[in-house]
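Build the full structure now, drawing on both the sequences and the hints.
Okay, so the sequence shown: first residue is 1 according to the UniProt record's numbering, each after it adds one.
Take the hints with a grain of salt, since some may be wrong.
Listed below are the simulated DMTMM-like cross-link pairs for lysine to aspartate or glutamate, each with C-alpha atoms no more than 20 Å apart in a straight line [said to hold, decoys possible]:
#1 Lys91 - Asp102
#2 Lys91 - Asp120
#3 Lys68 - Glu53
#4 Lys68 - Asp51
#5 Lys91 - Asp61
#6 Lys91 - Asp105
In short, the hints are calculated from the structure, not lab data.
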Amino acid sequence: MQEISILSLIMHASLPVQLVMAGLVLLSLMSWGIIFNKIAVLGRARRATQDFEQQFWSGTDLNSLFEKNRANGDAVATEKLFQAGFAEFLKLRRQPGVDSSDQLDGARRAMRAAAQRELDALDHHNSFLATVGSVSPYIGLFGTVWGIMHAFIGLGNAGQATLATVAPGIAEALIATAIGLFAAIPAVVAYNRFAADVDRLAGRFDSFMEEFSNILQRLAAK
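Structure follows, in structure tokens:
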């Protein structure tokens, strides 16, 4: 019996099934590109948050820390929140007639806006991973159904059904489902992991904003 390879099954599949397979492979490649990029981006955000919080709580003067970090064009995560909040606080403090509560409220609004921008950037492309994870199995199933239907139509035209004639058609159809799962599973796992990482960073942002607001409140009262 002639050995059947996966490559030969793919090459001899019907055109719709081949298009489904090609589309799923493309989605998988795009997903892996996003996964590797987000691993780097989220890792950088975690390290930057850890490093900045160590600087912040080391007792460094806030003005000198602000001037030092303002020159850093690559600031991310908590550092961005500090820059936005302290810059707004200093601006309002220099304006005559602005009381301490308004200074604090302005700093909080600036930090919340900066935090939202950072979270939107960190969450970028997560929806694509969720979409790939949810639709890829169905796209693969469509290819499988089409391939099996095509195989049975061919058997009906041949007039004689044997295992040797049925097996290749069904096997090439099932490859579409396998590729769909291959695209979906990493995307779902990555989406859940990245969503959890973003949630943890959001919690750290909230904690920092509350703690920094307490410090600014004491400064505004002076």
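Checked hints:
The suggested pairing of Lys91 with Asp102 holds, with an alpha-carbon distance near 11 Å, which does not exceed 20 Å. Between Lys91 and Asp120 the alpha-carbon distance is near 26 Å, which puts this suggested pair outside the 20 Å criterion. The hinted pair formed by Lys68 and Glu53 meets the criterion: a straight-line CA distance of about 14 Å does not exceed 20 Å. Taking the CA atoms of Lys68 and Asp51, the gap is about 14 Å. The hint holds against a cut of 20 Å.
As the CA atoms of Lys91 and Asp61 are separated by approximately 18 Å, the hinted pair is consistent with the 20 Å bound. Proximity of Lys91 to Asp105 is assessed by CA-CA distance (about 13 Å); at most 20 Å being required, the pair is judged to hold.
Of the numbered hints stated above, the single one contradicted by the structure is hint 2.
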